[in-house]
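Protein chains: 2
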Amino acid sequence: MKMVYLFHKGSDDKKLLGGKGAGLCSMTEIGLPVPPGFVITTEACREYYKKKRIMKNLMDEVKKNLKVIEKKAGKIFGNPANPLLVSVRSGAPVSMPGMMDTVLNLGLNDETLKGLIRHTDERFAYDVYRRFISMFCKIVLNIDEKFFDDVLEETKKKMKIRYDSEIDVNSLKDIVHEYKEICRKKTGKEFPSDPYHQLSLAIESVFRSWMGKRCVDYRKEFGITQEIADGTAVDVCTMVFGNAGNDSATGVGFTRDPGTGENMLYGEYMVNAQGEDVVAGIRTPKPISEMKKEMPKIYSELLRIRKMLERHYKEVQDFEFTVEKNKLYILQTRNAKMNPSAFVKTSVDMFREGLITKEEALLRVKPEMLETLMHRRINPKTGVKPVAKGIPASPGAASGRIVFDPDEAERKGRTGERVILVREETKPDDIHGFFRAQGILTTRGGKTSHAAVVARSMGKTCVTGAEDVVIDQKAKMVRIGKTMVRKGEIITLDGSTGNIYIGEVETVDSEFSPELEEILRWADEIRTLGVRANINTPEDAVRARKFGAEGVGLCRTERMFNQPERLIIMQEMILTENREERTELLNKLLPMQKDDFKKIFRIMKNLPVTIRLLDPPLHEFLPTVEELTHEIEYLTHFKDTLQAVDHLPKHLSLLTRELKGLKKIKDKKYIDKLIADKEDVLRKVKNLVEVNPMLGHRGVRIGITYPEIYEMQVRAVFEAAVDVIKEGVKPKIEIMVPQVCTAQELKWVKERIIKVNKDVEKKTGIKIGYRFGTMIEVVRACMRAGRLAEIAEFFSFGTNDLTQATFSFSREDAENKFLPLYNERKILQDNPFEILDIKGVGRLMMVTIEWGKKTRKNLKVGVCGEHGGEPRSIEICRQTGVDYVSCSPYRVPVARLAAAHAEIKHK
Amino acid sequence: MKMVYLFHKGSDDKKLLGGKGAGLCSMTEIGLPVPPGFVITTEACREYYKKKRIMKNLMDEVKKNLKVIEKKAGKIFGNPANPLLVSVRSGAPVSMPGMMDTVLNLGLNDETLKGLIRHTDERFAYDVYRRFISMFCKIVLNIDEKFFDDVLEETKKKMKIRYDSEIDVNSLKDIVHEYKEICRKKTGKEFPSDPYHQLSLAIESVFRSWMGKRCVDYRKEFGITQEIADGTAVDVCTMVFGNAGNDSATGVGFTRDPGTGENMLYGEYMVNAQGEDVVAGIRTPKPISEMKKEMPKIYSELLRIRKMLERHYKEVQDFEFTVEKNKLYILQTRNAKMNPSAFVKTSVDMFREGLITKEEALLRVKPEMLETLMHRRINPKTGVKPVAKGIPASPGAASGRIVFDPDEAERKGRTGERVILVREETKPDDIHGFFRAQGILTTRGGKTSHAAVVARSMGKTCVTGAEDVVIDQKAKMVRIGKTMVRKGEIITLDGSTGNIYIGEVETVDSEFSPELEEILRWADEIRTLGVRANINTPEDAVRARKFGAEGVGLCRTERMFNQPERLIIMQEMILTENREERTELLNKLLPMQKDDFKKIFRIMKNLPVTIRLLDPPLHEFLPTVEELTHEIEYLTHFKDTLQAVDHLPKHLSLLTRELKGLKKIKDKKYIDKLIADKEDVLRKVKNLVEVNPMLGHRGVRIGITYPEIYEMQVRAVFEAAVDVIKEGVKPKIEIMVPQVCTAQELKWVKERIIKVNKDVEKKTGIKIGYRFGTMIEVVRACMRAGRLAEIAEFFSFGTNDLTQATFSFSREDAENKFLPLYNERKILQDNPFEILDIKGVGRLMMVTIEWGKKTRKNLKVGVCGEHGGEPRSIEICRQTGVDYVSCSPYRVPVARLAAAHAEIKHK
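Sequence lines, in order, name chains A and B.
Position one of the first sequence corresponds to residue 0 (numbering that gives the first Met the number 0), numbered consecutively onward.
Position one of the second sequence corresponds to residue 0 (numbering that gives the first Met the number 0), numbered consecutively onward.
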């Protein structure tokens, strides 16, 4: 088993060499200036975990390859005369920025230091030495970096200087001494001086970091399974020094602007610095454009390299470079993490430049990214003034309560509270706080600082380098511009401008960029799966059209009853035991519902509108037993209090006078009546209580019990249709029955709809076309698909309920009680309520469609559960033979793109 | 359309001619002495309901056929010289004894009366006349019979006589006069004197009775749908008179004893009486055997007819006959309603006599009948003495509270109360009370009285003609022998002996008759479907064996925890949050469960025992939130009371002294601790509450959350196995996992079972074989059947849960809220929880079995839901390819027979 590969062998095997290693090999192959080095494979890492230690044969191979490098570099590892220093970096198959360990300048000890001094200068050498010791101690020996930072800060304070680069050589010697002391004290041993021992320890440390908590958390959160990445590679590379003087520099480049996608070299650099200085965001670097003046030769070389990289990778690259004494080295390249809107723009641009095909361009944009683009932005019309401004590091608008601590952000975020994480700078250890925060604000760092990179990759709003923001951790306060803000108060960030506002600021839907429109047009060209929207109100319908829905796949009629003035009538309607009274109350609701339908028909014009008749159990419209019991208890208590006033002893007459006022508030009879009414409602509500509401009296079962409800609803539909037909609109009505389990139910409802339809036609003299269909959300409906298709012209899978019925999982119970454990123990890979279960629910859908189409060849089949907007589920829908999916308006663009992806993948 | 058929055309078309009409035609054909007559078809009845009146063409046809009869009888309808009288009787396609109307002696008026007198005698003629008027008034004109009865009773009282036959001719004349007066007063019109008008009214009345309430109720209760019987036929037949003197008689005969099945002429007769006198049970008739002496010629003719009837119908017949002046007429025959045990005996006998084949014999016995044979009987060892004795009219033992009113019987019976209906005699109007009563006791009537016939057909315990029982309706008391018993007190009936006991008497399982054993042996020979039992305890296992189960298809392990001393440990186990503690408590439960398994293995010997691991949600073992809340409230209240004692004002010192005692009962600290404990439990119980318990944390989901529970259970199984193996028993263990929805669950559990098995084998050195399988009760398991069959060696359908999941019906909610309406509106034909739904659940089962067997050819498939003991469902199980059904021990014989039926029908 070969465990070490030299860079000069070109390879793209990321699984074996890791992303970074494969990149270094490829770059070497296409002739980029990569310092000599080699990769230790992920296989070696797995071997390490099997044996629990570094095997001798690995170190033998490492030594052999070091010899080759020594020859190329003209330096010898551990040789005091002309020592070779190396960097030891992790490189997993999948990029996990900042998650794993790196050790630079390895190979230094008191002896080799002398050689380094001889070939550079004393100050530089000592600076490198102190960096190495602190980094090694922190990464490999696990000593808290605080001890080293304190020494550095102390020195700077004593010397009254600001930058590390101003520390003089004698102070650096003292620092090295103190660092070694810290190491001895904390580990009880001398700092390891044997370079090979250093190397072996560093390699093991990188291996170990693969199973470190933050790494494991990251992989879990991003769904990086063992199949995708199993262990990390280690890259050992000749050190080049960006801190070797003012003709040296280190930097990060992007082949295009990762924030906007603009086709230009983008990046930042720092003169006389090592890479860690840039990434950590400790000093604010300069934009790369300044290099044009400061280092013109290097700059033009970078421009050339930018083209070479994109031609090779056909993907925007994020690369690290170092200039050592006017010579450029490329240390790493990887696909750039970009802002979703930048992703979209570069996709369109790269297709137009002929770099990639249209299908490649589409596949580059992940459907989930669009969700971020749907993020709302600050309403420009509000006119609210920002109080400070930082660097716009990741776009979007976010409001939330200030927290300073990532643990707290996680804790509060989990409970559903909206929080903004405010930090001076962020570190990989903070990442759990990112997941639960609405946005991130840092006072230091630029667009490539840790906070910026991670936030962008998550699509979180982020503002960095806000120098006008000063955190006072002790006082739990932050000064933003001139305003003092306390922990827990609300601020709003605009990640597109860098603006910071006090309080919550109104937001609006974002506009689509022309490139996004273009991508979605391409998606529409390619996809065969239709995309409709699930709506509750006319407002939703407007949004659905805006986001490109091809109609309404599910118009929920019950939510129309939830407006306060309607709810009261609805409740009365439910509580009456008298059919005439019920019909009368329904007649009051009819014009309201009709009005909604009219608006929706006008908005959707000639696009289909699928209207689902009343679905939820009636008790959902009523107060709960608990609420009513409390109300009655309260009223009774209140009454008792009033009564007590009557019986107040005479010697408390003053109190009596005072309380008489209270007594006048309400007379007891009124309260008695209130209590009696509430008790009546309580009795009825108790009658409606169900043991398993999911499987109870709902959907068409209500429709059959109280036929007048569905009759009112379809009358409202048809009367609304007549009105808009008169206006010239041609509504495409589809009426859909929920919770159907037998053909008889469907027949029963259909007969009544036909009657109402004929009646309205007769009264108005206007012909109203419509289609009749059924939800498929009960398993028995699947089994009876052939028979149902005789009556229904279309099927619409309610995948939420169907998933519950197929698994016999109640969603809320399952997610609270055992689904997390099931995922943890790998009993189930995913949450089937989030990602459609292809093996169970999917199979059921397939037989349903097959049986249904056997009866009715042109049966139209849709999906209107939440899965209809989830990319992996959409792919499954296409496989099962569904004609269209329907999802919330905001997810319509996601679904359009996902449908195109599914098409390309399965063509 | 021919609407009238003469008797002389032989036909067996019961749907057209009704049962009685078809019988009369057939009997005429085979040469039995049937009086001339004709049948009006059911088609004419349907026509009547379409037109809402009797059409002229029907009456024309009737008149034409009357002419033929007149010729045969030598009498003329409506002719004063020699009048023909007819009976007008209903005859539905299905026998509905006593449900519909009959009018006898029709054709009489003041004129024809004279002709009748001329050919008979005056007293007889007036007796017939008064019978005709009262019957016609009651049946056709809807006048309450009470008015006529009062007149008759008044006369008898005045004359100081007991029997109607003792009334002299003058009194009869007065009665006729008074009857006509009643008619005039009640209807405002004269009694109709035109015989054709009488006939037309009578026919219409019979037609109308088909849709009368009691008829409709009866058909609903017995599932007689429109497809089975649509309308009634009307039989018009020459009157023959059993009341023409002492050489005349009327009677009912059975070709075999319907109570015991004995192969002998059986029946009752009454000299000088009309048929109505026998059926109504007003006079107690004589056993038919006495006829041998009294009317030897007629008797031997009846013996001959008995043979002829059975040869023709191949079924025991229940026939009516009349002797008019020493000439025998047969008026009706039908299949006899028999006691289930008689059915069984006659089946075996008739096969042995060569009358029917073995398969016909099996099909004659309906599986539901066996359920009645499983009825318990009075334990002869109790030695309790009966207080009175009646005629054993329908066997079985029944205890219940006395009610006198059928309405009350129905009302109380519906609420689940056990009642005995006590009446002097019963009438068709009382039938609703029969359905809900445990047993029926009458003071009059014999074995063929209404009460006896109906009770037998329902398999209800019945004692008739208990002359020592005297009812005092007003006092709501009854004297039984020498004991006065109040309404609401409990009595016990023994329908096999006629014994009546005060209070509840211990009962035991009935022994099978040799004939039943024979039938079941035949069933076992023929059926291919296996029959196992569902058990909870070793006692159930004993019963299962006794009733012929071929093993245990479902041994529920959770019910073993419901014994009080086990439940406490179980609750502690559930409430602890500490795994060690849980394991410790489980270890306490282990020996108890092990002990149960040992007993069961010993009983079942080498028959398979399928053990289902814990299934119900844990909260089912705990008190409810309501219970705990009440307990805490009570304790708090109690504590407050104790505290109040401390603060009692000084001037109430006497009270204080008294209450001090109370205070000593418990100290507050103890109560505080109790309250705190309860609150702790309440908190945990609230955590366990689920929105949809049916779809919640149960079955294997519990097994995976707390692996130690299943581990304990299988350890108990294997340790029990070791113990009985040492005794020489070879247990056939099948371990079954409930609520499985994915293969991973099954794998997860299987691995743990293997581990425990190996561990027990290692510790004991004894090899323990077992098979591993899964319940199929979650739809997803059906979809994954192919994959599950890789892991499971057998499937067992839990059709209860599977039906709930397939329909998305929660059984309790559905049956309370909308299933009755669904059945009423024909949305669903049956309750799918009672009768397996072939179209939905059945189809799902079929694909499951198909997919499962594709993976594992010899996959064993069972059904262990309640449907496993229901005959129609068993037929469906056989069709879907199930290998065996499993049901409660009591239903095992039913299932064995039903399985044989299914086999015969589908061969």
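FYI, nobody ran anything at the bench for these hints, they're computed from the structure.
Keep in mind that this is a model prediction, so the values were computed, not measured.
Careful, some of the hints might be misleading.
To be verified - To give a feel for the contact side, a few chain B residues facing chain A, derived at Cβ under 10 Å:
hint, residue
1, 704
2, 765
3, 768
4, 770
5, 779
6, 806
7, 808
8, 815
9, 821
10, 824
Note that CB positions come from ideal geometry on N, CA and C, so glycine has one too.
Here's how the hints hold up against the structure:
1. 704: Since chain A brings a Cβ to about 6 Å from residue 704 (chain B), closer than 10 Å, the hint holds.
2. 765: This hint is violated: residue 765 (chain B) lies away from chain A, its Cβ roughly 32 Å from the closest one there, beyond 10 Å.
3. 768: For residue 768 (chain B), the interface hint is violated, since the closest Cβ of chain A sits about 28 Å away, which is over 10 Å.
4. 770: With a minimum Cβ separation of about 23 Å from chain A (threshold 10 Å), the hint on residue 770 (chain B) is violated.
5. 779: Holds - the Cβ of residue 779 (chain B) comes within 10 Å of chain A, reaching about 4 Å at its closest.
6. 806: With a closest approach of 5 Å, the residue 806 (chain B) hint holds.
7. 808: 6 Å, holds
8. 815: This hint holds: residue 815 (chain B) lies near chain A, its Cβ roughly 9 Å from the closest one there, short of 10 Å.
9. 821: 7 Å, holds
10. 824: 7 Å, holds
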